[in-house]
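K.L.:
Residue numbers (our numbering), protein chains in the order written: chain A, 1 to 485; chain B, 486 to 957.
Do not take every clue at face value.
Under the rule of at most 20 Å between Cα atoms (straight-line distance), these lysine to aspartate or glutamate pairs were calculated in the EDC-like manner [as the list claims (entries may be wrong)]:
{"id": "1", "chain 1": "A", "residue 1": "Lys7", "chain 2": "A", "residue 2": "Asp39"}
{"id": "2", "chain 1": "B", "residue 1": "Lys621", "chain 2": "A", "residue 2": "Asp337"}
{"id": "3", "chain 1": "B", "residue 1": "Lys686", "chain 2": "B", "residue 2": "Glu655"}
{"id": "4", "chain 1": "B", "residue 1": "Lys800", "chain 2": "B", "residue 2": "Glu862"}
{"id": "5", "chain 1": "B", "residue 1": "Lys645", "chain 2": "B", "residue 2": "Glu544"}
{"id": "6", "chain 1": "A", "residue 1": "Lys352", "chain 2": "A", "residue 2": "Glu93"}
{"id": "7", "chain 1": "B", "residue 1": "Lys623", "chain 2": "A", "residue 2": "Glu59"}
{"id": "8", "chain 1": "B", "residue 1": "Lys560", "chain 2": "A", "residue 2": "Asp379"}
{"id": "9", "chain 1": "A", "residue 1": "Lys256", "chain 2": "A", "residue 2": "Asp393"}
{"id": "10", "chain 1": "B", "residue 1": "Lys616", "chain 2": "A", "residue 2": "Glu336"}
{"id": "11", "chain 1": "B", "residue 1": "Lys623", "chain 2": "A", "residue 2": "Glu93"}
{"id": "12", "chain 1": "B", "residue 1": "Lys559", "chain 2": "B", "residue 2": "Asp572"}
{"id": "13", "chain 1": "B", "residue 1": "Lys746", "chain 2": "A", "residue 2": "Glu93"}
{"id": "14", "chain 1": "B", "residue 1": "Lys938", "chain 2": "B", "residue 2": "Glu842"}
{"id": "15", "chain 1": "B", "residue 1": "Lys746", "chain 2": "A", "residue 2": "Asp393"}
{"id": "16", "chain 1": "A", "residue 1": "Lys17", "chain 2": "A", "residue 2": "Glu49"}
{"id": "17", "chain 1": "B", "residue 1": "Lys621", "chain 2": "A", "residue 2": "Glu285"}
{"id": "18", "chain 1": "A", "residue 1": "Lys110", "chain 2": "A", "residue 2": "Glu50"}
{"id": "19", "chain 1": "B", "residue 1": "Lys556", "chain 2": "B", "residue 2": "Glu641"}
{"id": "20", "chain 1": "B", "residue 1": "Lys621", "chain 2": "A", "residue 2": "Asp379"}
{"id": "21", "chain 1": "A", "residue 1": "Lys341", "chain 2": "B", "residue 2": "Asp572"}
{"id": "22", "chain 1": "B", "residue 1": "Lys623", "chain 2": "A", "residue 2": "Asp109"}
{"id": "23", "chain 1": "A", "residue 1": "Lys57", "chain 2": "A", "residue 2": "Glu93"}
{"id": "24", "chain 1": "B", "residue 1": "Lys800", "chain 2": "B", "residue 2": "Asp589"}
{"id": "25", "chain 1": "B", "residue 1": "Lys889", "chain 2": "B", "residue 2": "Glu913"}
{"id": "26", "chain 1": "B", "residue 1": "Lys601", "chain 2": "B", "residue 2": "Glu497"}
{"id": "27", "chain 1": "B", "residue 1": "Lys623", "chain 2": "A", "residue 2": "Asp393"}
{"id": "28", "chain 1": "B", "residue 1": "Lys935", "chain 2": "B", "residue 2": "Glu874"}
{"id": "29", "chain 1": "A", "residue 1": "Lys81", "chain 2": "B", "residue 2": "Glu497"}
{"id": "30", "chain 1": "B", "residue 1": "Lys503", "chain 2": "B", "residue 2": "Glu655"}
{"id": "31", "chain 1": "B", "residue 1": "Lys621", "chain 2": "B", "residue 2": "Glu637"}
{"id": "32", "chain 1": "B", "residue 1": "Lys935", "chain 2": "B", "residue 2": "Glu897"}
{"id": "33", "chain 1": "A", "residue 1": "Lys108", "chain 2": "A", "residue 2": "Glu93"}
{"id": "34", "chain 1": "A", "residue 1": "Lys387", "chain 2": "A", "residue 2": "Glu299"}
{"id": "35", "chain 1": "B", "residue 1": "Lys774", "chain 2": "B", "residue 2": "Glu897"}
{"id": "36", "chain 1": "B", "residue 1": "Lys566", "chain 2": "A", "residue 2": "Asp109"}
{"id": "37", "chain 1": "B", "residue 1": "Lys566", "chain 2": "A", "residue 2": "Glu336"}
Chain A stretches covered by chain B per the calculated footprint, using a threshold of three residues with CB under 8 Å from any CB of chain B [claimed, not checked]:
{"id": "38", "region": "196-208"}
{"id": "39", "region": "358-369"}
Just so you know, the hints here were simulated from the structure itself, not pulled from any lab data. Where a beta carbon is used, it is the ideal one built from N, C-alpha and C, also for glycine.
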Amino acid sequence: MSKYLDKSIVEINELLKKKAIRPIDLVEEAFARIEENKDLNCFITLNKEEALEEAKKLENVEVDNLLFGIPIAIKDNISTKDLRTTCASKMLENYVPIYDATVVQKIKDKHMIMIGKTNMDEFAMGSTSRTSYFDPPKNPWNREKITGGSSGGSAACISARIVPFALGSDTGGSIRQPASYTGIVGMKPTYGRISRYGLVAFASSLDQIGPMTRNVYENALLLNSLVGRDAHDLTSVPREEEDFTRLIGKDIRGMKIGVPNYFLSDIVSKEILDQTNEMIHLLREKGATVEFIDIDYIENAVTLYQIIAMGEASSNLARFDGVRFGYSTENPESVEDLYRKTRKEGFGKEVKRRIMVGSYLLSGDNAVTYYNKALQIRDDIRKSFQKAFETYDLIIGPTTTTVAYNLDQDIDDPIKSFLDDVLVIPVNMAGLPGMNVPIGFNKDHMPIGMHIIGNSFEEAKMYQLASFIEKELDLNLVPGGDACE
Amino acid sequence: MNKEYQVTAGTEVHCELKSNTKMFSDSYNNYGTFANTNINEIDFAYPGTLPTVNAYAVELALKAALALNCKINKKMHFDRKNYFYPDLPKGYQITQARSPIGVDGYLEIEVDGVIKKIGIHDIHIEEDTCKSTHYKDKSFLDFNRNGVPLIEIVSEPDLKSDKETVAYLEKLRETLLYLDVSDCKIEEGSMRCDVNVSVSKTEKLGTRTETKNVGSISSAGMVVMAEAKRQVEELERGREIREETRRYDEKTNQTILMRVKEVGNDYRYFPEPDIPFLVLEDDYIEKVKENLEILPDERRKLYLEKGISLVNANKLIQNKQLSDFLLGMEDIDLVIASNLLLGDISAYLNKTEKNLEDTKLTKERFSDLVEKLSKKEITNKVFKDILVELMETDLTVQKIIESKGIETISDESSLREIVNHIIEENSESVQDYKSGRDRAIKYLMGQIMKETKGSANPSLVNQLLIEELSKR
C-alpha cells in the first residue's frame, strides 16, 4: 500500500502539483487505513462514494492551496449537508442535514475531501467518548484505553495516521484532552474565532470548533482556513486576516511564561508532574522566563462549568422533540407522550442526566442562585487571566491529570468525567485559546501532553512555543511506529 | 354592578412588526402565503442553526417605544423562555425578559373629556410561534408565522373602566398604525390582546384573571365588564378569585375558564447565549426619534387650530393616507382641503377602489385647486366637473378646465354685461336689495351662475353685482 499520507502536507502538495499523485490516491489510502484500523471505531459514518467522486472531480481542478485534495475527518456534531450527522446519539441516528456548517463550507472551498464523521461522546457530553450510542473509539496507543473525549474519534484517527486533518469541538476540553491522551496536536481557538453555525449546540457560550492534527505547523495551517466572522453567527468576531504559521520556528528566548500553581498541585499524577517540570526546566534553559502564578477561582471552574454548560444544554437540547427531525417514538398517545417517550428513548443516560440537572439549575430562583452567580464568577476568572497576560506571554501546565485510562474504568462515575477536564475547563470559562502539544510518554508508553494557554486571539504565539517544543523533543508520535520504543 | 368595588384592568398586547423578514432568520415575513413556504433551517430549528437579529425590526420596536414615551434600554439583550409546545420548534422562545427595549412609558387617553396617562410597564421584542390548526385528532403546523417579529406592550393596571380600556387600545392601535410599525389587524392576528381584570373594595388590587386573545377592541371593553361582574358575584358569594386564564365568548358575553394558572409557572429564563448584548447608540436613537411620524394627537391639534371640525379631524386621522397627504400643506386652507378629501375625493376613491397614492393627484395640483377654490376663482361645481381628470391625468387645473371647455369667466366687461342683463330681468330683486334684503344678492348670484353654467368667477360676480345694484 502507498504511504503518501505519512508525508507532510507540504510534501503531499508538491506531489499533487507535479501530478505525481492524484487526490484519489490519498482518498483510497485513507479508506484503506480506515479498514485496517476498523477496531478503533473512529468513524460513525463514512463518506466513501462521495469522497471518491469528489477526488475524481479534483483531477481537473488546479491545485491552488496547501490543503487541496487532503482528506479530513469531521466530528459528528458538525452539520454536513446530505451526510448523516448523528451527534453519536440514537436521537439523530437517521438524521441527514439539509445544510452545511460554515466550517464545512470553508473546507469545501479549499477543496479538501471529507472522509467521514467521527465518533464522540453523545452530544459531546463526556470526557471518554464512552457515552457514544455507537460504542466508544479506542486509543491507538493501547486499544484497551480510552481516547478521551468528547472528540475521541477525531483524536484517534489523527493519532493512528488515518487522515492528516480532523475537526473537533471543545466545550470543556473536548479537543485538548483527547489530543493529550492520543499524542496529537489539538487547538481550541479563542471563543468567536470560528463560526459555530452548524455545530450542534451543547453549551453555546463555551462551544468552539478547532483543528486536530499530527503536528503544530499543520494545525496552524488548518486553522488559517477555518477562521473568520460569519454573518450567521453573531458571536463570531471580525478580525484582520492573519497567518497562524507566521511565528513558527522563531526563537522563544525572552518569552515570559506563567504556570498556575493549581496546575502543578496534587490533583496531577506524579508521572505527569515530572514530565511537566522537565519541560519547565527545558524552557528556562532555552532562555524563556517561567514563573509560578495564581489565577483566581480557577479551582472552581469545574463547578461553574457544570452549572453553565448543563443549564445551556438543557435548553439547547429541547428541540429534539420528535416533531420535525430525528428519532420519534411510535404511536404516542398524546403530544406530551410523544415528547416524553421520544426523549426517554432517544437520549442516552448521560445526556438525560445533564438535561435534568440543567433544568433544575435554571428553575425558579435557582437561575439567580446558580446560573447568574456562575456567570459572575466566570467573569472574575476571565479578568484574572487577563491580568496574568499583562505580565506573561503564555500560560502553560499539563493538559490532563492522568494519562488515558482503561475503557472499563470508572464507567459509572458521572463526576469523574468532569475531573478529567479540570485543567482544561478554565480556558473555556475565560473564552481563551488553549492547545495540547505532546511532550512525552509515561512508563507504559501512553502519551503525555502540555497545555498552552494564550491571551485572546494570540493563537500564533501559542504555535510558536508549541512548535519550539515539538522540535526540541522530536518525539516519535506514531503509535506502534517503526521507531517506537 | 356593585358600586363598592373598583374595577382595575391592564392589557398585554402583541403586535406583529411590519418587517420584510423574520426576527431571527432571513426568511420572509409574509402573511397569507401558502403554508410552510416562508421557512428555512433556522425557523425549523435544525440542529446547529443560530439566530441573527433583524435590525429593521429592532428599529420598529424602538419607534414604538419612543412613541409610547418609554425609557430606552440602550444596552439590551435577549432571553430564552423555555417550554415545550409543538408550535415552538426550538423548545424556547427568544424574548426580552430582563432588558426590554422600552420601560416606564405612558400613553395619554381621553375619556368623557378627561385626559389620563396610562402607564406602559414595558415593551419588549420577541418571536411569534407557529400557527397550529386542529382537525379531528390531527394538528397541523404552519411555520410561516414562526419567528415573525413581535412586540409585546404591557400596560400598568391603570385602566379603571371598560371605556378606558377601549380608549387605551384604540389609541395604542392608532399610534402603532401611524408609526407604520404594525398593521394591527386583530382579525388576521397581527394584533392580539390579553386583558387582565381584578376587582377590589380597597386600594390593594384584587387577584387578577387573564382573558386571552380578545377578538376586537370593543370586546376588550365587554371583557372588563363581564369579568368584573363575575368576580364581584364570586366575592359576594364568599368565594375567592383564583389566578386563571379565561377566554371571552361573544355570544353569551361571558368569560369562560380555560385553565387555572400553575403556581410558579417555570419558564427557566436565562440570557440567550447566541446573541451578544445589543447596544443602541445615542446617535441612532436620536435619528430614529427625529424621523418619527407625526402622531395623531399632534395632527388633531393642528386640524382643530386650522378650523377643521372635530368630526372631520377624527375622520382624517382614521384615514391615514388622507392625513399623510396633507403633511407639508399646512399653509393652504385646510377646511376646504379636508372637505374635498373627505367628500368628493373619498367618494371617488371608494367608487374606483383606489388608494390616494394610486391616483395622479399630486400635492402641487391639490394645493393649486384649494387655492383657486378659496380665492373663489373656481366654483365647487367646476371642481366636481374636473374631479375625474384631476385624479386620472397629469394636467394642471387650468389645463383641465380649458380642455373641458369650461371657461371661468373672469373677463370683467363680459361679466358686467351678464350682470346687468340679469338685474334687468329681475327688477323685483333690485327692489328687495334696496329695502335691505340680503338674500336678493344670493338670488341674483344664483341666476348669474345659472346663466354662465357655473363658470363665472364668484368673487368677481359678487363685486360687480354690488357695483351695478348701487348704481340703480
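K.L.:
Hint by hint, note whether the structure agrees.
P.N.:
How the hints compare with the structure:
At roughly 24 Å between alpha-carbon atoms, Lys7 (chain A) and Asp39 (chain A) are farther apart than 20 Å, so this suggested pair is violated. As the CA atoms of Lys621 (chain B) and Asp337 (chain A) are separated by approximately 18 Å, the hinted pair is consistent with the 20 Å bound. Between Lys686 (chain B) and Glu655 (chain B) the CA atoms are separated by roughly 28 Å; this puts the pair beyond 20 Å, and the hint is violated. A C-alpha spacing of about 28 Å is found between Lys800 (chain B) and Glu862 (chain B), which places the hinted pair above 20 Å, so the restraint is violated.
A distance of roughly 32 Å separates the Cα atoms of Lys645 (chain B) and Glu544 (chain B); the hinted pair therefore is violated under the 20 Å criterion. Annotation: proposed proximity of Lys352 (chain A) to Glu93 (chain A) holds, straight-line Cα distance about 17 Å (limit 20 Å). Of the pairs offered as hints, the one joining Lys623 (chain B) and Glu59 (chain A) is violated, with about 53 Å between alpha carbons and a cut-off of 20 Å exceeded. Distance restraint check for Lys560 (chain B) and Asp379 (chain A): the Cα-Cα separation of roughly 18 Å lies within the 20 Å cut-off, and the hinted pair is therefore satisfied.
Straight-line distance between C-alpha atoms of Lys256 (chain A) and Asp393 (chain A) comes to about 5 Å, which keeps the hinted pair within the 20 Å bound. A distance of roughly 19 Å separates the Cα atoms of Lys616 (chain B) and Glu336 (chain A); the hinted pair therefore holds under the 20 Å criterion. Between Lys623 (chain B) and Glu93 (chain A), the direct Cα distance comes to roughly 27 Å. Violation of the 20 Å bound is thereby established for this hinted pair. Under the criterion of a C-alpha separation no larger than 20 Å, the hint pairing Lys559 (chain B) with Asp572 (chain B) is inconsistent with the structure, at around 31 Å.
Straight-line distance between C-alpha atoms of Lys746 (chain B) and Glu93 (chain A) comes to about 38 Å, which puts the hinted pair past the 20 Å bound. Distance hint between Lys938 (chain B) and Glu842 (chain B) is unfulfilled; the C-alpha atoms sit about 32 Å from each other, more than 20 Å. Among the hinted pairs, Lys746 (chain B) with Asp393 (chain A) is inconsistent with the structure: their alpha-carbon atoms are about 57 Å apart, more than 20 Å. Taken as a hint, the Lys17 (chain A) and Glu49 (chain A) pair is broken in the structure, with Cα atoms around 24 Å apart against an allowance of 20 Å.
With a C-alpha separation of about 80 Å, the suggested pairing of Lys621 (chain B) with Glu285 (chain A) is violated against the 20 Å cut-off. As the CA atoms of Lys110 (chain A) and Glu50 (chain A) are separated by approximately 16 Å, the hinted pair is consistent with the 20 Å bound. For the hint pairing Lys556 (chain B) with Glu641 (chain B), the CA-to-CA distance comes to about 15 Å; that is within 20 Å, so the pair holds. With a CA separation close to 53 Å, the supplied pair Lys621 (chain B) and Asp379 (chain A) exceeds the 20 Å bound.
Restraint check for Lys341 (chain A) and Asp572 (chain B): the C-alpha separation of about 19 Å stays at or below 20 Å, so the hint holds. For a cut-off of 20 Å, the pair hint linking Lys623 (chain B) to Asp109 (chain A) is broken: about 44 Å separates their Cα positions. Note on Lys57 (chain A) and Glu93 (chain A): the hinted pairing is violated, with a Cα-Cα distance of about 30 Å set against a maximum of 20 Å. A threshold of 20 Å between alpha carbons decides the hint, and for Lys800 (chain B) with Asp589 (chain B) the separation of about 31 Å lies outside it, so the pair is violated.
Using a Cα cut-off of 20 Å, the hinted pair Lys889 (chain B) and Glu913 (chain B) is violated, with the two alpha carbons roughly 36 Å apart. Distance restraint check for Lys601 (chain B) and Glu497 (chain B): the Cα-Cα separation of roughly 19 Å lies within the 20 Å cut-off, and the hinted pair is therefore satisfied. Of the pairs offered as hints, the one joining Lys623 (chain B) and Asp393 (chain A) is violated, with about 63 Å between alpha carbons and a cut-off of 20 Å exceeded. Between Lys935 (chain B) and Glu874 (chain B), the direct Cα distance comes to roughly 23 Å. Violation of the 20 Å bound is thereby established for this hinted pair.
Pair hint Lys81 (chain A) plus Glu497 (chain B) does not hold up; C-alpha atoms about 42 Å apart against a cutoff of 20 Å. For a cut-off of 20 Å, the pair hint linking Lys503 (chain B) to Glu655 (chain B) stands: about 19 Å separates their Cα positions. Proximity of Lys621 (chain B) to Glu637 (chain B) is assessed by CA-CA distance (about 32 Å); at most 20 Å being required, the pair is judged violated. The straight-line distance between the Cα atoms of Lys935 (chain B) and Glu897 (chain B) is roughly 18 Å, inside the 20 Å bound, and the hint therefore holds.
Between the alpha carbons of Lys108 (chain A) and Glu93 (chain A) the distance comes to roughly 24 Å, so the proposed pair goes past 20 Å and is violated. Between Lys387 (chain A) and Glu299 (chain A) the alpha-carbon distance is near 17 Å, which keeps this suggested pair within the 20 Å criterion. Only pairs whose Cα atoms come within 20 Å are accepted, and Lys774 (chain B) paired with Glu897 (chain B) is rejected, the gap being roughly 54 Å. Straight-line distance between C-alpha atoms of Lys566 (chain B) and Asp109 (chain A) comes to about 38 Å, which puts the hinted pair past the 20 Å bound.
This hinted pair checks out: Lys566 (chain B) and Glu336 (chain A) have alpha carbons roughly 19 Å apart, not beyond 20 Å. Counting residues of the region 196-208 of chain A whose beta carbon lies closer than 8 Å to any beta carbon of chain B gives 9, which meets the minimum of three for the stated coverage. Three residues within the 8 Å Cβ limit are the bar, and the region 358-369 of chain A against chain B gives 5, so the coverage statement holds.
When each numbered hint is compared with the structure, violations occur for hints 1, 3, 4, 5, 7, 11, 12, 13, 14, 15, 16, 17, 20, 22, 23, 24, 25, 27, 28, 29, 31, 33, 35, 36.
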